[in-house]
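Trainee: Here's the letter readout for the chains.
Number of protein chains: 2
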Amino acid sequence: MNNQFSFEIVHQSKKSKARAGIINTPHGQIKTPAFVAVGTNGTIKAVENNVLNKMEQDLIFCNTYHLMLQPGTKIVKNSGGLHQFINRPKPIITDSGGFQVFSLAYGSVCDELKSKGQKKYDSTVIKISEDGVTFRSYINGDKVVLTPETSIKAQKDLGADIIVTFDELPPYHVNQKKLKASVERTHRWEKRSLDEHLKNPNNQAIYTVIHGGLDRELRTESCKFANNLPFDGFAIGGSLGKNHEQLFDLVKFVTPQLEPERPIHLLGIGDLKSVIPCIELGIDTMDSSHPTRCARHGLAFTTQGAQKIVSIKNKNNFGPLDPNCSCSTCKNYSAAYIHHLFKAKELTAYTLATIHNVHFMIKYMKNLREKILEDKI
Amino acid sequence: MNNQFSFEIVHQSKKSKARAGIINTPHGQIKTPAFVAVGTNGTIKAVENNVLNKMEQDLIFCNTYHLMLQPGTKIVKNSGGLHQFINRPKPIITDSGGFQVFSLAYGSVCDELKSKGQKKYDSTVIKISEDGVTFRSYINGDKVVLTPETSIKAQKDLGADIIVTFDELPPYHVNQKKLKASVERTHRWEKRSLDEHLKNPNNQAIYTVIHGGLDRELRTESCKFANNLPFDGFAIGGSLGKNHEQLFDLVKFVTPQLEPERPIHLLGIGDLKSVIPCIELGIDTMDSSHPTRCARHGLAFTTQGAQKIVSIKNKNNFGPLDPNCSCSTCKNYSAAYIHHLFKAKELTAYTLATIHNVHFMIKYMKNLREKILEDKI
Chain Z
7 MNNQFSFEIV HQSKKSKARA GIINTPHGQI KTPAFVAVGT NGTIKAVENN VLNKMEQDLI
67 FCNTYHLMLQ PGTKIVKNSG GLHQFINRPK PIITDSGGFQ VFSLAYGSVC DELKSKGQKK
127 YDSTVIKISE DGVTFRSYIN GDKVVLTPET SIKAQKDLGA DIIVTFDELP PYHVNQKKLK
187 ASVERTHRWE KRSLDEHLKN PNNQAIYTVI HGGLDRELRT ESCKFANNLP FDGFAIGGSL
247 GKNHEQLFDL VKFVTPQLEP ERPIHLLGIG DLKSVIPCIE LGIDTMDSSH PTRCARHGLA
307 FTTQGAQKIV SIKNKNNFGP LDPNCSCSTC KNYSAAYIHH LFKAKELTAY TLATIHNVHF
367 MIKYMKNLRE KILEDKI
Chain S
7 MNNQFSFEIV HQSKKSKARA GIINTPHGQI KTPAFVAVGT NGTIKAVENN VLNKMEQDLI
67 FCNTYHLMLQ PGTKIVKNSG GLHQFINRPK PIITDSGGFQ VFSLAYGSVC DELKSKGQKK
127 YDSTVIKISE DGVTFRSYIN GDKVVLTPET SIKAQKDLGA DIIVTFDELP PYHVNQKKLK
187 ASVERTHRWE KRSLDEHLKN PNNQAIYTVI HGGLDRELRT ESCKFANNLP FDGFAIGGSL
247 GKNHEQLFDL VKFVTPQLEP ERPIHLLGIG DLKSVIPCIE LGIDTMDSSH PTRCARHGLA
307 FTTQGAQKIV SIKNKNNFGP LDPNCSCSTC KNYSAAYIHH LFKAKELTAY TLATIHNVHF
367 MIKYMKNLRE KILEDKI
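Sequence order for the protein chains is Z and S.
The numbering used here numbers the first residue of the first sequence as 7 and each following residue consecutively.
The numbering used here numbers the first residue of the second sequence as 7 and each following residue consecutively.
Just so you know, the hints here were simulated from the structure itself, not pulled from any lab data.
Check the hints yourself; a few may be wrong.
Note that the list lumps identical chains together, so a pair holds whenever it fits in one copy or between two copies.
Claimed, not checked - With a straight-line Cα cutoff of 25 Å, these simulated SDA-like cross-link-like pairs (lysine to any residue) come out:
| hint | residue 1 | residue 2 |
| --- | --- | --- |
| 1 | Lys337 | Asn56 |
| 2 | Lys321 | Gln10 |
| 3 | Lys349 | Asn322 |
| 4 | Lys321 | Ser143 |
| 5 | Lys351 | Pro236 |
| 6 | Lys83 | Leu353 |
| 7 | Lys314 | Leu353 |
| 8 | Lys149 | Val316 |
| 9 | Lys149 | Lys351 |
| 10 | Lys80 | Val316 |
| 11 | Lys96 | Asn323 |
| 12 | Lys159 | Ile132 |
| 13 | Lys149 | Ala342 |
| 14 | Lys96 | Phe324 |
| 15 | Lys314 | Glu190 |
| 16 | Lys321 | Gly147 |
| 17 | Lys351 | His303 |
| 18 | Lys197 | Leu185 |
| 19 | Lys149 | Lys321 |
| 20 | Lys83 | Gly325 |
| 21 | Lys83 | Asn322 |
| 22 | Lys83 | Phe324 |
| 23 | Lys83 | Lys337 |
| 24 | Lys349 | Val131 |
| 25 | Lys83 | Leu204 |
| 26 | Lys159 | Asn322 |
| 27 | Lys60 | Arg198 |
| 28 | Lys321 | Pro95 |
| 29 | Lys205 | Arg222 |
These numbers were taken from a predicted model, which means no experiment stands behind them.
Hey, can you work out the whole structure from these sequences and the hints?
Mentor: Structure below.
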């Protein structure tokens with residue numbers, strides 16, 4: 007699809023479906039498996055890109071929905087594209103905006119929006135039709151039309167290395183008939199997304215979203231649909247179940263049905279309990295705001311599990327948050343100091359904890375990659 | 007008073023009382039005139055010390071009142087002192103806690119406290135006597151006794167390069183009789199502070215606070231008191247008037263009465279309108295949370311004055327906040343991006359704007375120092 011994008015499987019584990027790979031993009035390599043940090047508005051929360059750029063965070067996830075509404079994709083385009091705008095020379099993936107807009111339609115305002123806490127207008131979906139979705143901007147009340155074509159055009163303006171097809175996100179408790187209709191519409195929208203993309207590939211790769219909720223037949227259909235079109239990669243989306251068991255069952259069912267030559271992304275999953283099982287099932291990349299949100303809530307990821315930074319035991323802990331960590335937070339500051347910053351509600355608390363958790367995820371994934379190369383997972 | 011502290015006047019301007027100097031401390035030099043950034047809780051708000059350390063911010067101001075209550079000065083001491091605790095190898099000054107505790111007593115909760123916005127207990131002064139002040143911690147309601155001796159002990163625990171004597175801060179609208187009594191008590195407290203300090207100088211320098219409000223006789227008395235004791239420097243405090251004119255008049259009246267061999271600090275002043283006039287009147291250092299607070303409120307300091315970052319003209323401004331600025335914010339990010347981050351209420355907005363304003367103040371003072379050396383101001 008594009009000359010500068012390719013996926014190379016470096017090693018297929020003999021022990022599981024886990025694989026170590028390299029995704030080549032116009033802005034450099036992504037070593038897989040990779041955790042993708044979320045930078046909704048073009049910044050990881052509390053860590054400026056100049057600092058993040060020095061870490062081995064190969065790929066970050068920005069949200070088209072948010073960037074469309076603020077600052078607007080034209081401004082990003084005019085500034086020279088998202089990499090230039092946010093000062094990130096490394097790979098970026100954007101989503102289609104579908105997830106956010108449908109979270110609103112079905113009443114479950116997603117975490118990302120909740121965290122804003124500053125809605126001026128009710129975020130209201132006005133109309134959903136075969137063409138797409140019309141909704142009101144939560145920023146200024148403007149009417150916005152999101153269709154496969156406008157989503158792809160917006161993502162062209164942003165210019166991320168990887169873009170995602172526009173899809174419908176049905177609610178969890180939908181009946182089979184409606185789910186089937188939704189998946190079929192999603193497929194039509196994904197085809198329209200692809201067609202729009204191919205008018206001007208612009209050195210971007212396009213991933214398509216595998217839907218079908220927990221319905222195995224629909225998931226199989228969605229895999230077939232995706233395999234048969236020249237998407238550069240797959241993203242498993244839609245309802246992923248209500249617990250880890252359902253998630254793992256679903257991933258286990260889906261990944262073998264996807265063409266193995268293309269990278270597989272898992273949308274919105276990144277808690278530590280999910281990472282290894284999903285990678286063992288063949289997931290190459292996964293994004294989640296979980297590690298950075300945990301950091302802002304005072305949870306430091308360590309090899310001993312997530313630790314509450316404001317725990318009384320850190321009050322006098324003059325060692326680092328994690329003695330095994332080499333991040334700049336652990337190298338420069340004691341757990342007692344960061345404990346103090348959280349107690350004092352200092353903004354730098356969020357910065358230091360976020361740097362730590364992002365570093366943790368990078369190292370965690372690096373370690374898993376080594377294990378795959380040695381057929382140990 | 008201490009071997010590692012000295013003040014060297016490099017050049018006395020021929021045009022005004024402005025002087026360029028060097029304050030030597032155990033943690034390095036402070037080139038004067040210097041703006042002192044405020045890091046109340048041991049961190050400049052929104053900028054971690056690891057980043058600040060790379061800037062030429064020679065001196066920062068930490069608040070003993072806040073650090074006593076959270077995390078407690080014993081914890082800081084046990085961690086190896088404030089420099090070690092907060093990861094700052096450069097000079098630090100702490101105040102006595104008097105200012106904050108008396109702001110509470112007289113009902114005008116100072117800006118610093120207002121900005122916390124999270125009081126669990128009413129911050130209540132229980133008793134003011136010749137011994138000192140008893141108040142309740144705004145954090146946990148504990149009774150805390152602040153006297154000249156406990157303040158100096160707390161500042162010994164913290165271990166800043168420069169400490170300040172404990173003083174009484176009378177309200178602005180006090181009558182002459184009460185003001186006189188207050189200044190006299192302050193002088194007794196300052197002498198007790200000095201005595202406590204001299205028991206264990208600990209390589210720290212001690213500044214004393216010049217009081218007397220707008221009463222010229224009392225200010226003169228306070229200068230004489232300070233000149234006659236071996237304080238390492240002076241800090242002009244108390245009521246400084248209600249506008250710039252009163253401030254400048256006061257500084258003009260006070261500085262000639264202080265021994266010229268010792269550095270003169272101006273407490274709590276740092277707005278751009280005040281800097282040059284005060285330096286021309288002989289002020290060597292001045293602290294204020296103004297530049298960093300402005301940054302968090304979206305005001306970028308530039309050679310053209312303070313600019314509102316969310317101004318519509320920055321929406322499409324792909325150049326830096328200030329074309330004449332070489333700070334890491336201006337080198338790495340456009341005004342449009344920072345405009346966007348403020349609009350999106352991203353924490354990194356505060357970080358980038360703060361770095362810019364701190365850099366601006368450093369460069370501004372550096373430039374003034376050059377001008378003094380050339381007898382231009």
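Trainee: Take the hints in turn and mark each one as holding or not.
Mentor: Now for the hints, and whether the structure bears them out:
1. Lys337 <-> Asn56: both (19 Å within a copy, 10 Å between copies)
2. Lys321 <-> Gln10: This pair counts as neither: shortest intra-copy Cα distance 50 Å, inter-copy 32 Å.
3. Lys349 <-> Asn322: Classified as within; 13 Å inside a copy, 39 Å across copies.
4. Lys321 <-> Ser143: Answer is between; shortest inter-copy Cα gap is 18 Å, intra-copy 44 Å.
5. Lys351 <-> Pro236: neither (49 Å within a copy, 39 Å between copies)
6. Lys83 <-> Leu353: Answer is between; shortest inter-copy Cα gap is 24 Å, intra-copy 31 Å.
7. Lys314 <-> Leu353: both (17 Å within a copy, 21 Å between copies)
8. Lys149 <-> Val316: between (44 Å within a copy, 23 Å between copies)
9. Lys149 <-> Lys351: between (38 Å within a copy, 22 Å between copies)
10. Lys80 <-> Val316: between (43 Å within a copy, 18 Å between copies)
11. Lys96 <-> Asn323: Result: close only across copies, 23 Å inter versus 36 Å intra.
12. Lys159 <-> Ile132: within (21 Å within a copy, 65 Å between copies)
13. Lys149 <-> Ala342: Close across copies (24 Å), not inside one copy (49 Å); limit 25 Å.
14. Lys96 <-> Phe324: between (35 Å within a copy, 20 Å between copies)
15. Lys314 <-> Glu190: neither (45 Å within a copy, 49 Å between copies)
16. Lys321 <-> Gly147: Cα proximity of Lys321 and Gly147: across copies only (19 Å, versus 46 Å in one copy).
17. Lys351 <-> His303: both (11 Å within a copy, 17 Å between copies)
18. Lys197 <-> Leu185: The answer is within: 18 Å in one copy meets 25 Å, while 81 Å across copies does not.
19. Lys149 <-> Lys321: between (50 Å within a copy, 20 Å between copies)
20. Lys83 <-> Gly325: Only across copies: Lys83 and Gly325 sit 15 Å apart there, 45 Å inside one copy, limit 25 Å.
21. Lys83 <-> Asn322: Classified as between: cross-chain Cα gap 11 Å, same-chain 49 Å, threshold 25 Å.
22. Lys83 <-> Phe324: between (47 Å within a copy, 11 Å between copies)
23. Lys83 <-> Lys337: between (38 Å within a copy, 20 Å between copies)
24. Lys349 <-> Val131: between (40 Å within a copy, 23 Å between copies)
25. Lys83 <-> Leu204: within (19 Å within a copy, 64 Å between copies)
26. Lys159 <-> Asn322: between (53 Å within a copy, 20 Å between copies)
27. Lys60 <-> Arg198: Neither: 38 Å inside a chain and 51 Å across chains, both beyond 25 Å.
28. Lys321 <-> Pro95: Only across copies: Lys321 and Pro95 sit 22 Å apart there, 39 Å inside one copy, limit 25 Å.
29. Lys205 <-> Arg222: Neither. Shortest intra-copy (33 Å) and inter-copy (79 Å) distances fail the 25 Å Cα cut-off.
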